[in-house]
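Trainee: So you can see what is in the structure, the chains are spelled out below.
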Amino acid sequence: MSLDLTATSVFVALFLFVTWLGFVAAHWRKADLNVLHEWGLGGRRFGTVVTWFLLGGDLYTAYTFIAVPALVFGKGAMGFFAVPYTILIYPILYIVFPRLWRVAHARGHVTAADFVRDRFGSRLLALAFALTGIVATMPYIALQIVGMEVVIGALGFPAGGFVGHLPLIISFVILAAFTYTSGLRAPALIAVVKDTLIFITVFAALVIIPAKLGGYGAIFSSVPEEKLLLPPPSGDSFGSYSAYATLALGSAFALFLYPHAMTGILSSSSGNVIRRNAAFLAAYSFILGLIALLGYMAIAAGVDKEPAFAAGFAQYGPNFAVPALFLASFPSWFVGIAFAAIAIGALVPAAIMSIACANLFTRNLYKEFYRPDCSDADEARMAKIVSLVVKIGAVVFILAIPQSYAIQLQLLGGIWIIQLLPPILLGLYTIRFNAMALFAGWVAGTAVGTAMAATQGFTSSVFPLQALGVTIPGYAALYSVLVNFLVAFALAPIFDRIGRTAGSPAR
Amino acid sequence: MPGGKKKSRLLRHWPRLLFLIPFAAMLWVSSYNRTAPELGGIPFFYWYQLAWILAGAGLVLIVYWIESKITHTTEEAQEEAEPSGVPGDIL
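If you're matching them up, the sequences are chains A and B in order. Just so it is clear: in the first sequence, position 239 is 239 by the working numbering, and no numbers are missing. Just so it is clear: in the second sequence, position 56 is 56 by the working numbering, and no numbers are missing.
Everything labelled a hint here was simulated from the structure, so no lab data went into it. Warning: the hint list may mix true and false statements.
Simulated pairs of lysine to any residue, SDA-like, Cα-Cα distance not exceeding 20 angstroms [said to hold, decoys possible]: (1) K227/A with L39/B; (2) K227/A with P37/B; (3) K212/A with G40/B; (4) K212/A with G41/B; (5) K75/A with R34/B; (6) K69/B with G271/A; (7) K75/A with T35/B; (8) K75/A with P473/A; (9) K69/B with S270/A; (10) K227/A with T35/B; (11) K227/A with W47/B; (12) K227/A with W65/B; (13) K227/A with A36/B; (14) K75/A with S30/B; (15) K227/A with I42/B; (16) K69/B with P98/A; (17) K69/B with N272/A; (18) K227/A with E38/B; (19) K75/A with F44/B; (20) K227/A with R34/B; (21) K212/A with I42/B; (22) K227/A with S30/B; (23) K75/A with N33/B; (24) K227/A with K69/B; (25) K227/A with G41/B; (26) K227/A with L50/B; (27) K69/B with R99/A; (28) K75/A with K69/B; (29) K227/A with Y48/B.
Partial pick of chain B residues on the chain A-facing surface, computed with a CB cut under 7 angstroms [stated by the list, open to error]: (30) P22; (31) S30; (32) G41; (33) W52; (34) Y64.
To give a feel for the contact side, a few chain B residues facing chain A, derived at Cβ under 7 angstroms [stated by the list, open to error]: (35) F19; (36) A24; (37) M26; (38) L27; (39) S31; (40) G40.
Because the structure is a prediction, the values reported are computed rather than measured. Idealized CB from N, CA, C, for every residue including glycine.
Looking at chain A on its own, in the form it has when it is part of the complex:
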């Protein structure tokens, strides 16, 4: 593949535009960016529209846009679980998170760890939250880079070596610089551009590609029959049905526990902003569902059999399906727009994730354990520096370590992050709950979930649970968080009694 000059020019021009936007964002809704909640939460002033763009840009990432159709392209119907998943997240967002917003707003919490620290008075539990959040987010940032790498490679840049990685390194230096100066304002503003480009790309794809391929009927009839539907369960197993349902349900419960989602939620200006967005964010889900279908369009177009794309598929696997489909279907200048949409789509979540990690590190590790007396300015400065370190770490991670590790770690990340659910829910809906019992639940849930993934060689998060003579394959995150809840509830009365007899005041 040689470098596509037209596409690359459009791509670079759009990239320069958002770079400029990222730096200008520092002056948007001007405030003192040397205070953490201004730098890291945009001053908690984002209304319904900005929050819509911010959360949309944050949750529907470049990796999603590459990986979901890649999954449908490779595995068929099972990959479509992303759709019921995004349907189920919104009732959860509507019910739970305005409540959390209210507490966080009243008490000045910047992170979920701040909330449990304050709510349960437990530094140990807050530490568990901070570490889980950071560890689960790092591979997620790394995967955004994978998304960028695929489109940069598809533009025809030479793959591999220092020169091959140069465009990626340059983009991340730019990203790091404007995140440092503008904080959460930068991705919030860039998200508007990103989503506009994504919407344009998807609508164009849905008009042009099916017309070329002879309509949806022709597209679906070219999909192999075994991919079109989930294989019905047989024998004593719930088979793919329970796997599909639990993947959707578990992912939905896990999503808003991620630090970057929490940052998006806490930066909104009111609980009603969150409630309204629980309805309006569905627009992105719909786009995601349509993007998933691009996987089938790639099958129908036969891009994997075209010699021109053989090198791309060899290098990036099924992740190359959508870029190849765009290259085969669009004129060069529009390929530039579509690829820029994906690359900028990586910048937005990567920025928010690094800010969220920086918030966690600064508030809950640095300030809590190392410099309890640090000033507001020190706190903000530290967070800015950590956001740089996090991004450098993610780039090194992806360049130095095989990509499959990042994917496996992200899979584990989902299992780890869902373990934060019991303390959040019980913190919001009970008057009091024993912190040590919650900590024990977290330990048990994390251990069981990790062990379940280990039995699958860390390649699948679906664990075949054997119970009462039947096999129920299900998402390990969901099984392990049930263990977490059970342990917490079982130990709470015991720890409460120990606490009382030890003479300490009941917390």
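We have chain A already, so just place chain B on it with the hints.
Mentor: Relative to the frame of chain A, chain B by itself:
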């Protein structure tokens, strides 16, 4: 009067029971794992779930609308100064 408080919260939040519908629909996988009837060439499995995205969003809007109506008409004053069991007030 904790009993009264509980009752008023149930009154205000009953529309949220509607959220059980998308959960039931999406988790009952065998109800939609089929190709017929097709819609514009798209098998049932796919268009049904895509349609549920819109239905789910519609449900959230309905719940939001009813809830804000209830709070505005009957409990306007109570809502803001609500001394309920919400941790924001406990902490």
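Trainee: Take the C-alpha atoms of K69/B and G271/A, compute the straight-line distance between them, and say whether it is at most 20 angstroms.
Mentor: holds, 16 angstroms
Trainee: Does S30/B sit within 20 angstroms of K75/A, going by the straight-line distance between their CA atoms?
Mentor: holds, 19 angstroms
Trainee: So, as I understand it, the hint says L27/B touches chain A; can you test that by seeing if any CB pair is closer than 7 angstroms?
Mentor: holds, 5 angstroms
Trainee: Against the 20 angstroms threshold, does the CA-CA distance of K212/A and G41/B hold or violate the hint?
Mentor: holds, 15 angstroms
Trainee: Under the criterion that the straight-line Cα-Cα distance not exceed 20 angstroms, is the pair K212/A, G40/B satisfied?
Mentor: This hinted pair holds, its Cα atoms lying about 16 angstroms apart.
Trainee: If you draw a straight line from the CA of K227/A to the CA of L39/B, is it 20 angstroms or shorter?
Mentor: Holds, at roughly 19 angstroms.
Trainee: Taking the closest Cβ pair, is A24/B under 7 angstroms from chain A?
Mentor: Violated: closest Cβ of chain A sits about 11 angstroms from A24/B, beyond 7 angstroms.
Trainee: Please work out if K227/A and P37/B have their alpha carbons no farther apart than 20 angstroms.
Mentor: Roughly 18 angstroms between the alpha carbons, so the hint for K227/A and P37/B holds.
Trainee: Close enough to count: is the Cβ of F19/B nearer than 7 angstroms to one in chain A?
Mentor: For F19/B, the interface hint holds, since the closest Cβ of chain A sits about 4 angstroms away, which is under 7 angstroms.
Trainee: Against chain A, run the beta carbon of W52/B and see if the smallest gap drops under 7 angstroms.
Mentor: Interface hint status for W52/B: holds (5 angstroms vs cutoff 7 angstroms).
Trainee: Does W65/B sit within 20 angstroms of K227/A, going by the straight-line distance between their CA atoms?
Mentor: Violated. K227/A to W65/B sits at ~40 angstroms, over the 20 angstroms cutoff.
Trainee: Regarding the pair K227/A and G41/B, is the alpha-carbon distance no greater than 20 angstroms?
Mentor: OK: K227/A and G41/B at ~16 angstroms, within 20 angstroms.
Figure legend: structure checked against the earlier numbered hints; hints not met, in rising order: 12, 24, 28, 36, 39.
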